[in-house]
Amino acid sequence: MIALGELAKQIGAQLNGDAEFQVAGINTLSKASSSELAFIARPEFLEQASQSSAGVLMLAPAMAEQASFRGHTLLIDDPYLGYARASQVFDAFFNHRPGSVDPSASIASGVEIPADTTIGANVVVAEGAVVGQGCKIGPGCYLGAGSVLGDGTLLHANVTIYHGVSVGENCVIHSGTVVGSDGFGFAPSEAGWQKIHQLGGVRIGARVEIGANTAIDRGAIGDTVISDGVIIDNLVHIAHNVFIGVNTAIAGCCGFAGSTKVGANCTFAGQVGVTGHIEITDNCHFLGKAMVTNSVTEPGTYGSGVPMQPVKKWRRNMVRFSQLDDLSRLVNKLAKKIGEK
Amino acid sequence: MIALGELAKQIGAQLNGDAEFQVAGINTLSKASSSELAFIARPEFLEQASQSSAGVLMLAPAMAEQASFRGHTLLIDDPYLGYARASQVFDAFFNHRPGSVDPSASIASGVEIPADTTIGANVVVAEGAVVGQGCKIGPGCYLGAGSVLGDGTLLHANVTIYHGVSVGENCVIHSGTVVGSDGFGFAPSEAGWQKIHQLGGVRIGARVEIGANTAIDRGAIGDTVISDGVIIDNLVHIAHNVFIGVNTAIAGCCGFAGSTKVGANCTFAGQVGVTGHIEITDNCHFLGKAMVTNSVTEPGTYGSGVPMQPVKKWRRNMVRFSQLDDLSRLVNKLAKKIGEK
Amino acid sequence: MIALGELAKQIGAQLNGDAEFQVAGINTLSKASSSELAFIARPEFLEQASQSSAGVLMLAPAMAEQASFRGHTLLIDDPYLGYARASQVFDAFFNHRPGSVDPSASIASGVEIPADTTIGANVVVAEGAVVGQGCKIGPGCYLGAGSVLGDGTLLHANVTIYHGVSVGENCVIHSGTVVGSDGFGFAPSEAGWQKIHQLGGVRIGARVEIGANTAIDRGAIGDTVISDGVIIDNLVHIAHNVFIGVNTAIAGCCGFAGSTKVGANCTFAGQVGVTGHIEITDNCHFLGKAMVTNSVTEPGTYGSGVPMQPVKKWRRNMVRFSQLDDLSRLVNKLAKKIGEK
Numbered sequence: 001m002i003a004l005g006e007l008a009k010q011i012g013a014q015l016n017g018d019a020e021f022q023v024a025g026i027n028t029l030s031k032a033s034s035s036e037l038a039f040i041a042r043p044e045f046l047e048q049a050s051q052s053s054a055g056v057l058m059l060a061p062a063m064a065e066q067a068s069f070r071g072h073t074l075l076i077d078d079p080y081l082g083y084a085r086a087s088q089v090f091d092a093f094f095n096h097r098p099g100s101v102d103p104s105a106s107i108a109s110g111v112e113i114p115a116d117t118t119i120g121a122n123v124v125v126a127e128g129a130v131v132g133q134g135c136k137i138g139p140g141c142y143l144g145a146g147s148v149l150g151d152g153t154l155l156h157a158n159v160t161i162y163h164g165v166s167v168g169e170n171c172v173i174h175s176g177t178v179v180g181s182d183g184f185g186f187a188p189s190e191a192g193w194q195k196i197h198q199l200g201g202v203r204i205g206a207r208v209e210i211g212a213n214t215a216i217d218r219g220a221i222g223d224t225v226i227s228d229g230v231i232i233d234n235l236v237h238i239a240h241n242v243f244i245g246v247n248t249a250i251a252g253c254c255g256f257a258g259s260t261k262v263g264a265n266c267t268f269a270g271q272v273g274v275t276g277h278i279e280i281t282d283n284c285h286f287l288g289k290a291m292v293t294n295s296v297t298e299p300g301t302y303g304s305g306v307p308m309q310p311v312k313k314w315r316r317n318m319v320r321f322s323q324l325d326d327l328s329r330l331v332n333k334l335a336k337k338i339g340e341k
Numbered sequence: 001m002i003a004l005g006e007l008a009k010q011i012g013a014q015l016n017g018d019a020e021f022q023v024a025g026i027n028t029l030s031k032a033s034s035s036e037l038a039f040i041a042r043p044e045f046l047e048q049a050s051q052s053s054a055g056v057l058m059l060a061p062a063m064a065e066q067a068s069f070r071g072h073t074l075l076i077d078d079p080y081l082g083y084a085r086a087s088q089v090f091d092a093f094f095n096h097r098p099g100s101v102d103p104s105a106s107i108a109s110g111v112e113i114p115a116d117t118t119i120g121a122n123v124v125v126a127e128g129a130v131v132g133q134g135c136k137i138g139p140g141c142y143l144g145a146g147s148v149l150g151d152g153t154l155l156h157a158n159v160t161i162y163h164g165v166s167v168g169e170n171c172v173i174h175s176g177t178v179v180g181s182d183g184f185g186f187a188p189s190e191a192g193w194q195k196i197h198q199l200g201g202v203r204i205g206a207r208v209e210i211g212a213n214t215a216i217d218r219g220a221i222g223d224t225v226i227s228d229g230v231i232i233d234n235l236v237h238i239a240h241n242v243f244i245g246v247n248t249a250i251a252g253c254c255g256f257a258g259s260t261k262v263g264a265n266c267t268f269a270g271q272v273g274v275t276g277h278i279e280i281t282d283n284c285h286f287l288g289k290a291m292v293t294n295s296v297t298e299p300g301t302y303g304s305g306v307p308m309q310p311v312k313k314w315r316r317n318m319v320r321f322s323q324l325d326d327l328s329r330l331v332n333k334l335a336k337k338i339g340e341k
Numbered sequence: 001m002i003a004l005g006e007l008a009k010q011i012g013a014q015l016n017g018d019a020e021f022q023v024a025g026i027n028t029l030s031k032a033s034s035s036e037l038a039f040i041a042r043p044e045f046l047e048q049a050s051q052s053s054a055g056v057l058m059l060a061p062a063m064a065e066q067a068s069f070r071g072h073t074l075l076i077d078d079p080y081l082g083y084a085r086a087s088q089v090f091d092a093f094f095n096h097r098p099g100s101v102d103p104s105a106s107i108a109s110g111v112e113i114p115a116d117t118t119i120g121a122n123v124v125v126a127e128g129a130v131v132g133q134g135c136k137i138g139p140g141c142y143l144g145a146g147s148v149l150g151d152g153t154l155l156h157a158n159v160t161i162y163h164g165v166s167v168g169e170n171c172v173i174h175s176g177t178v179v180g181s182d183g184f185g186f187a188p189s190e191a192g193w194q195k196i197h198q199l200g201g202v203r204i205g206a207r208v209e210i211g212a213n214t215a216i217d218r219g220a221i222g223d224t225v226i227s228d229g230v231i232i233d234n235l236v237h238i239a240h241n242v243f244i245g246v247n248t249a250i251a252g253c254c255g256f257a258g259s260t261k262v263g264a265n266c267t268f269a270g271q272v273g274v275t276g277h278i279e280i281t282d283n284c285h286f287l288g289k290a291m292v293t294n295s296v297t298e299p300g301t302y303g304s305g306v307p308m309q310p311v312k313k314w315r316r317n318m319v320r321f322s323q324l325d326d327l328s329r330l331v332n333k334l335a336k337k338i339g340e341k
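Chains as they are written, first to last, in this note's numbering: chain P, 1 to 341; chain U, 1 to 341; chain B, 1 to 341.
Here chain P stands alone, though its shape is the one from the complex (with noise of 0.2 Å):
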């Protein structure tokens, strides 16, 4: 529960209404109760807006004028960021930071925990590590030798750091989520492949948040770098030595390989795939199943792949798509034959 007026401070949104009331939490339109907020991004959703039972809506002052919405209301020119400031609020795992030490945690002598960092069951801290003020360490996570979390960097249950890893402040890293597993590096050789050791780390920027389940290759020589503000989604793969520009933002099931250098604002949608050594500028959008043989230096946005369709039709054209080359050479001949080329 939040008082109104307080919430509006928040958030920096201007309040139509009582400052006492007390907000119980955030819902959609259609299920929100007396005790709840609302929000309208968009003029489409005016009318449901009108009969929502929502105790408080959050909308743009443009808008405001033509709701006709019974209770209190917060205008705020971007609603949907308003929003996203409110969910911090009512989030109660994010706020729960007792500051405490769980018994069952093993922490290498010489490493010191500030006060107001919780260290969960089961968690190991390795040697020459730094943990940073206000941080929140889950569960059974493991800190390797030497690496460094800034301050109020959240890293949920079962997180597993490699040594010679930073990640900066006010990060969050979620479940099953490596950082600083070995780059896939191997030599032929006439008995197998010959392993590369990694000797470089990884360099994770200021409020990066990675998902669950990815991993985050250390560098062969030198660093894998993510900037600042970058955010990742679940079952990503960054190999070593990759360089993400500040801002990025990454869906799920993308697979980054090695040595490859994204640019700034870009977004890749889930399961686009990044060929290695190549440079990708800033404001580059790739759409879902992408596949990024080449080099981007035009920012813009970016598709491959083929339409799915009934899998009969679809064998037909898959079967037409293998024979393409001797279809153009076949369309050519023609076109030559009557004169249109």
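One should not assume that every hint holds.
Note that the list lumps identical chains together, so a pair holds whenever it fits in one copy or between two copies.
[Said to hold, decoys possible] Calculated cross-link-like contacts (lysine-lysine; reagent style DSSO-like; alpha-carbon spacing at most 27 Å):
#, residue 1, residue 2
1, 313, 337
2, 336, 312
3, 195, 261
4, 31, 9
5, 333, 312
6, 313, 261
7, 9, 333
8, 195, 9
9, 336, 261
10, 195, 31
11, 261, 31
12, 195, 333
13, 312, 195
14, 313, 336
15, 312, 261
16, 337, 261
Hints were generated in silico from the structure; no laboratory data involved. Quantities reported herein were computed from a predicted structural model and do not represent experimental measurements.
Since chain P is already given, all that's left is putting chains U and B on it; use the hints.
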């Protein structure tokens, strides 16, 4: 070892042979020994069955008449289903449930562990969690605050269940899987991505099985839902507020983007990608690597992608694909010119 | 620090220079300091080598004649392989193996831990497991009942090995990886999916390296097999009863469906999908995102997929692909009409 008569009873088969015969295990037709059970589900294996050393053969009554097998037989209409049932009998791991709590487990005060539930080493159960009867929680698992495990549910080692997740009865979740991690929700702002705290949970029905290293995100507002009887393989990504209908089967490496609703009795082969905010009706089947970018309203089988080819041929066809629109225009022009369109 | 003479001996290179010179590490040509080793494997870097500040340069004897490098040199026929060997010398993590058992580890009674094996905090070793000499098991790992780790094998933190798994000598398995989870086997029944209990195990050969958050399922009947010298990257899915031949290399995010048999010395680039029950012969190479739906009997390189394009152009070509069969028929009709077929 189990007596053949008892085995027949447990799997619902009719016995032709010695009820006291001791069965040691299950094996393939070609490898089964004289103390093992083998099965055939299709007539083309009748010849092989006649030469098998298996002690017991399970098959359909209709096929039994044509079989010339020397040993004992078990008759059942669906021998593949019979095999599935028999497999449980011989799964020593699954049947081993002594009911004990490892002294190294951290169980929050107030959480009751039923006498027939087994808790492994280093398990952490947070405050307010509810653990059902006959559960088995493997070493290193984490069960978050207020989360619920239904009766008879099995978590293998190192599973992570966040707070606010409910798992139904008789589920199996494999190692490394994460349930309840934050959905990938962020609002753009001038200061970069603003996290949208994920205030919903995850509801998993009864008899759900989830493979290894899968990640299922909690809802932004409201829950992510996995219905009764769903089966999910390894390394699958299920985003926030996805709904999966009853008995749907999802193979390895699939990804589902946010708020998509999948019907009942669907099947997804490996590496299928499903975009967000769409609806897939019941009884839809997707072949491997399918790219599902639109709602599917007709039950049926769907595919996408192009066939693998030797690299030179494929490269030529790929180039032609990138000119396909031009080619099509040229063909239409030719067709017009010679009076075919 | 290592004396250059000693380093030369360990990697099998011929030294031109001071055997007592102390080498501090490895770096790239452009970044190496006067105490570091750099290498060149191709003549196009000869110019850059002449300007490098590196203290030591490793290169092939044939190239050494053309090089104008001021420092010490190491001559070796395959400098990339030399680099791989040298990298091990400087891997402090790998070389740190003191031999101790953390008091928080749970070792089942009867399991013997060799004196030179290291067991980290919160490791759980179940009954009947066998741990080889000189192994290192990182914090939070689980080794299931009856499973075997060969001599010199390294499990990084939070690896999960189920029961009935054998891992050969000198393997490396990275964090979050799961070996021995149940294969995705279910029989349809009127009551929904009936689980087929997975009664086989997993056999991993010697000198296998497996990346982070990979999942390798146990066999349904009989074992899943990973042969000697195989290397597997992060987030790879290997289903039940798959067989991978010696020295095959599998990059990140690949998926292999059940019972497929892969030959020796194959390579799979990222995100390749391989269907079940097929056979791939030795020396096959698959480009990124290849969709392998049939057995491959000819060694060679294979690819699939269509190239990424700016979104407008791609959308047009995609629509044309869905009409490709019709287009081909029209072309054939035209060809007939004008006497070209």
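Going through the earlier hints one by one, which of them does the structure break, listed in rising order? Hint check: 7, 9, 12, 13, 16 fail, others pass.
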